Each structure stands twice: as C-alpha cells, then as structure tokens.
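Asker: Heads up: the protein sequence lines correspond to chains Z and R, in order. Residues 2 to 281, numbered by the working numbering, are exactly what the first sequence covers, in order. Residues 2 to 281, numbered by the working numbering, are exactly what the second sequence covers, in order.
These are computed hints drawn from the structure, not numbers from a lab. All figures in this text were calculated on a predicted structure; none of them were measured in a lab. One or more of the hints may lead you astray.
In silico DSS-like cross-links for lysine-lysine, where the CA-CA straight-line distance does not exceed 27 Å [claimed, not checked]:
(1) R:Lys-136 / Z:Lys-155
(2) Z:Lys-153 / R:Lys-270
(3) R:Lys-9 / R:Lys-32
(4) Z:Lys-276 / Z:Lys-206
(5) Z:Lys-195 / R:Lys-195
(6) Z:Lys-155 / R:Lys-270
(7) Z:Lys-9 / R:Lys-195
(8) R:Lys-195 / Z:Lys-274
(9) Z:Lys-31 / Z:Lys-9
(10) Z:Lys-136 / R:Lys-31
(11) R:Lys-195 / Z:Lys-153
(12) R:Lys-270 / R:Lys-195
(13) Z:Lys-195 / R:Lys-9
(14) Z:Lys-31 / Z:Lys-88
Partial chain Z-side listing against chain R, Cβ under 10 Å, derived [to be verified]:
(15) Val-81
(16) Glu-84
(17) Arg-184
(18) Ile-185
(19) Ser-193
Glycine is no exception: its CB is placed at the ideal position from the N, C-alpha and C atoms.
2 protein chains.
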Amino acid sequence: MMEIILAKELGFCFGVRRAIGLAEEALRLKKLVASLGPIIHNPLEVSRLETMGLRVIDNINELKDGESILIRSHGAPFDVIQELKNKGIDIIDATCPLVARAQRMVEFLSSEGYKVIIVGEQGHPEVRGLVSYGKGDTFVVSSLEEVPELSKEKIGIVGQTTFSLERFKEIVSEIVSRSWEIRIFNTLCDASRKRQRAVEELVDKADVIIVIGGKNSANTRRLVDIAKSKGSIVYHIESWDEVLPEWFVGKDKIGITAGASTPDWVIDKVLEKIKELCYQ
Amino acid sequence: MMEIILAKELGFCFGVRRAIGLAEEALRLKKLVASLGPIIHNPLEVSRLETMGLRVIDNINELKDGESILIRSHGAPFDVIQELKNKGIDIIDATCPLVARAQRMVEFLSSEGYKVIIVGEQGHPEVRGLVSYGKGDTFVVSSLEEVPELSKEKIGIVGQTTFSLERFKEIVSEIVSRSWEIRIFNTLCDASRKRQRAVEELVDKADVIIVIGGKNSANTRRLVDIAKSKGSIVYHIESWDEVLPEWFVGKDKIGITAGASTPDWVIDKVLEKIKELCYQ
Numbered sequence: 002m003m004e005i006i007l008a009k010e011l012g013f014c015f016g017v018r019r020a021i022g023l024a025e026e027a028l029r030l031k032k033l034v035a036s037l038g039p040i041i042h043n044p045l046e047v048s049r050l051e052t053m054g055l056r057v058i059d060n061i062n063e064l065k066d067g068e069s070i071l072i073r074s075h076g077a078p079f080d081v082i083q084e085l086k087n088k089g090i091d092i093i094d095a096t097c098p099l100v101a102r103a104q105r106m107v108e109f110l111s112s113e114g115y116k117v118i119i120v121g122e123q124g125h126p127e128v129r130g131l132v133s134y135g136k137g138d139t140f141v142v143s144s145l146e147e148v149p150e151l152s153k154e155k156i157g158i159v160g161q162t163t164f165s166l167e168r169f170k171e172i173v174s175e176i177v178s179r180s181w182e183i184r185i186f187n188t189l190c191d192a193s194r195k196r197q198r199a200v201e202e203l204v205d206k207a208d209v210i211i212v213i214g215g216k217n218s219a220n221t222r223r224l225v226d227i228a229k230s231k232g233s234i235v236y237h238i239e240s241w242d243e244v245l246p247e248w249f250v251g252k253d254k255i256g257i258t259a260g261a262s263t264p265d266w267v268i269d270k271v272l273e274k275i276k277e278l279c280y281q
Numbered sequence: 002m003m004e005i006i007l008a009k010e011l012g013f014c015f016g017v018r019r020a021i022g023l024a025e026e027a028l029r030l031k032k033l034v035a036s037l038g039p040i041i042h043n044p045l046e047v048s049r050l051e052t053m054g055l056r057v058i059d060n061i062n063e064l065k066d067g068e069s070i071l072i073r074s075h076g077a078p079f080d081v082i083q084e085l086k087n088k089g090i091d092i093i094d095a096t097c098p099l100v101a102r103a104q105r106m107v108e109f110l111s112s113e114g115y116k117v118i119i120v121g122e123q124g125h126p127e128v129r130g131l132v133s134y135g136k137g138d139t140f141v142v143s144s145l146e147e148v149p150e151l152s153k154e155k156i157g158i159v160g161q162t163t164f165s166l167e168r169f170k171e172i173v174s175e176i177v178s179r180s181w182e183i184r185i186f187n188t189l190c191d192a193s194r195k196r197q198r199a200v201e202e203l204v205d206k207a208d209v210i211i212v213i214g215g216k217n218s219a220n221t222r223r224l225v226d227i228a229k230s231k232g233s234i235v236y237h238i239e240s241w242d243e244v245l246p247e248w249f250v251g252k253d254k255i256g257i258t259a260g261a262s263t264p265d266w267v268i269d270k271v272l273e274k275i276k277e278l279c280y281q
C-alpha cells in the first residue's frame, strides 16, 4: 500500500500564511483592498488573490478612494505608515510579527543611543522598512567586507528575519571584535532552517521525494540539494501538471515537501494528482 | 653604524606595569605589603620585589597585623574584597582598569536580569574574580563545546581580558545564534595583538630579531614564531647572559622585542649587553 508522507515543516511560513489570511478575510468582507507591492513573490498566488479583487500598487499615491491598504509581511517604512495614518486610510497590517519585533528593536536601540547596524540585504523591502525605524546613525551590512571601522560607540545589531544564520554569525562576530559594547537582537526566523531539517528526516522515511516550488526559488532548490546529497531520488516540480505516474512504480513511501513561497493549494493539487495517478 | 630598533610595543602591558608601580610606591613609603598571589608570573620580577620587602601570600588569613594588601592586576573575588574592607585592612588595588571594567560589566548585566556568560578560562584568577561579581546565573565558557543550550532568556557576555580574540568571536557567534537577546561587553585587551603586529613591522626594518621572554611564555613564543614565519633570523633569550657577539657580525639593524611578562629592567640589561659587545 503506497503512503504519502509530508515533511514536518513545508510551504508557507507563519508570516506569509497570516498575511494571505488577512488579505482573504478583507476581500471576503467586500473591502476594496490594494497591496503595497506583491503580497508574495509567487505570481500564481498573486493572480489568485487578484481574481478575488486584490489590487497591487507600487506607491500609496495610486490608492483609490475608499480602498484599504494591505501592508505585506515584509512590513513598510515608518514614514509610509505615518502618511497613511495621517490621511486616515484603513490599514490592514499584515507585517510578520517577527518583522514587527525587529522594527521595534531598531527603534528601541536607536532611541537608546546605539548606532544601529542592520545585518541584511541592501534594498530588500524588509530591510528598507527596518532602516526607517532608526535615527540617522543606522546602516545596513550584508557581508564581512561591509563591516565598517568602529570606535568606542555603542553598537546595536538587528538582523533581517530571512538572512542566513551562518552569515549573520560571521558578521556579528566581526562587529563584536571591533567594538566595546554591543547589543544584539537575534531577529532571524528559523522557518527555512526548519524546512531543511525536515527534508533531512523525510529522506530517511521515503523512497522518493517530491519538492514543490519555483525552479528559481533559492530556498526550494536548497531542499532539492539536501535530499539529493542524502542519496534520495528527487523530483522538483512547480505545478501538479508535471507529476508523472512512472515515478511511483515500485515505490511504497512518497515524501512531499515544498518551498517557503509555495501556497497550500498548490501542494494540495499535487497530492490530489498523485492519488489520482496511483489509486485510479 | 649598527642601530638598535625597539618594537613599537613590547614588554609589560599597561595593567602589569601599573600594578608593579603601585607595589614599588607602597614599598618605598615603607609600608608592609603582602600581595595576594604572585603579582606577575615572572619569578625574576617577583624576587626583585621580595628583596624590596613584598611578601606573597595565598590567603588573606596569612596577613600580618599592620600589613597592607596588594590586589594584583588580575583582580580578586568580590567577597574577598568585602572581607578585607570589613576587617579595615588597607587595600592597594592594582586591579587592571580593564579587568575592573569587566567586573563592573558582570555586576551590571547580572543586576539587569541577564544570564551572564564569561568567556574565559575556567579557574583563571581573573575569571574567578569576574564570576564573583555576578549573581547565581553566571557561568564560564572557554570553548564552543561548552556553549549551553539557551532558550529565550536575555544573555550578557563579558570576556576575560587576555582571552584569544578569535576564540571569543567564535564562542560569541555561537551564543548569538542560540539566543534572542544578547548584550556583549567586549572587554578583551589588545596588548598581545599590538605586540604581535609590532614584531611584524620590526621584521621589515631589522636584519636580526632578538625576542626577550620566558622560554615557556606562550605570548613570547608567539612573537618568535611570527618573526620566523616572516623569514627573519630570530634569537629567543630569557636573560642578557645569553647574548652572543657573533649574532651581530655584518648586521646593521638589530630589532628587539619582549613578551608581556618581561620586565623593563631585563630589556634594559639586554640592550646594555648588546652595546657592550658591539661598541667595545
């Protein structure tokens, strides 16, 4: 009897799932909703929400009368939120709670007189938001080479939630070696690491692994690489259309995982397709 | 014309020099002084101070009536200082100001509710002192393997002043990756690193390098290794007696450095001996 085993952690992280839930809820209440930037870097999911009525805008000046604005899980810059509040616009705040914590920590460290270093990718929407919560002396470092000379000022460190833990550790230790007093809020989220550990466990239980997610998605490809490196047979698909019946011939246990930008409904469709092929 | 070039940084660090200065001053004022533990790990220097009248004791119970107590640069445990104060004993506090800062930081972090981790060698006198300034939740970590599992408690980190910067960085980054909120006081002293950088510069300027310091002194041997690795001719001596005239034949520039436990007067005697051999 064939068995389908799901990875213990797969697909959307808590913050993205929550943001999409808030968008759906607002749309069901017949609100007019515009999202400031795409709610997720997944065109399939964005189109699905657009058919429910969500509009995607790049700038708050594009807002129409009576429209609510959805702040996506990455958060938005402080001055944008202030402007929206001043204009009395209804805000659906889907900022990931972990990102919101990081924003508060930047604000706190800055108000306590720390020079704030945000360890993250220059220009990333979350990072642009984080920087805006600091005062003048706030800057972004994404690599060891970018760590500045530091004197005896107090340094505060906050990380982009999706930054690599390994690189965060490297950069933090370099900053620590150049300063006297350092206060760190480890704001990194372990969603990706949990998915990676889960696929390692899955390989031991399954005869074949199917990884669902964008071919260009870095975190999805990482799951593929981990399963391959452990000697597993791995199929990487973006959509249920790609599933082939010959993959299951003589296999008892089918392991399934999905990248962090893969919606539940895509995972469900893949599961249906497998059942259809195997139980027909 | 032969020239003697001293390394930019050599010999005693600021804290040890200051401690010995305070001991000498007290002895010159005809005070009876007992040092709690050897003032420096250099028997030649300890004997010199003993001939001036300094007594070395291991326990404050050995103090004689009317004797002042000298706290060496490593500092002493909080309860020992309290007991001395309660007994009304005259304290000559030669605790290195950098060690005293580290003690204050342990006390501060502990009082602010941080679980305090002291990165340093178990049992080292400075570390025993540092631990005593924390409340119950204070412990020592000397290697990556000793980093405990940490939950969401606030972690404060202070380093033994003479700990290796590389190991401090490694341990700190591991602690950071396991906690949410970390406050670090980088209390490491750069005296050894400065001596190492100075010998690198010296190699470029001198035809031969003489390193003065104990054959068993780790920091002295490190200076020897650095000079050798840069292709220099190096002589490692403990005393002026070992200097040989043939070392200077055909050499114009003689570079001199000394480990952190080498007293000035030993360096001076070596310089005299070289001049005597070369200018006679």
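Asker: Work down the list of hints and note, for each, if the structure agrees.
Answerer: Results of checking the hints against the structure:
no.: 1; hint: R:Lys-136 / Z:Lys-155; verdict: holds, 25 Å
no.: 2; hint: Z:Lys-153 / R:Lys-270; verdict: violated, 38 Å
no.: 3; hint: R:Lys-9 / R:Lys-32; verdict: violated, 35 Å
no.: 4; hint: Z:Lys-276 / Z:Lys-206; verdict: holds, 19 Å
no.: 5; hint: Z:Lys-195 / R:Lys-195; verdict: violated, 43 Å
no.: 6; hint: Z:Lys-155 / R:Lys-270; verdict: violated, 44 Å
no.: 7; hint: Z:Lys-9 / R:Lys-195; verdict: violated, 51 Å
no.: 8; hint: R:Lys-195 / Z:Lys-274; verdict: violated, 67 Å
no.: 9; hint: Z:Lys-31 / Z:Lys-9; verdict: violated, 35 Å
no.: 10; hint: Z:Lys-136 / R:Lys-31; verdict: violated, 57 Å
no.: 11; hint: R:Lys-195 / Z:Lys-153; verdict: holds, 18 Å
no.: 12; hint: R:Lys-270 / R:Lys-195; verdict: holds, 23 Å
no.: 13; hint: Z:Lys-195 / R:Lys-9; verdict: violated, 51 Å
no.: 14; hint: Z:Lys-31 / Z:Lys-88; verdict: holds, 22 Å
no.: 15; hint: Val-81; verdict: violated, 27 Å
no.: 16; hint: Glu-84; verdict: violated, 32 Å
no.: 17; hint: Arg-184; verdict: holds, 5 Å
no.: 18; hint: Ile-185; verdict: holds, 4 Å
no.: 19; hint: Ser-193; verdict: violated, 14 Å
Hint compliance for this structure: hints 2, 3, 5, 6, 7, 8, 9, 10, 13, 15, 16, 19 are not met, and every other hint is.
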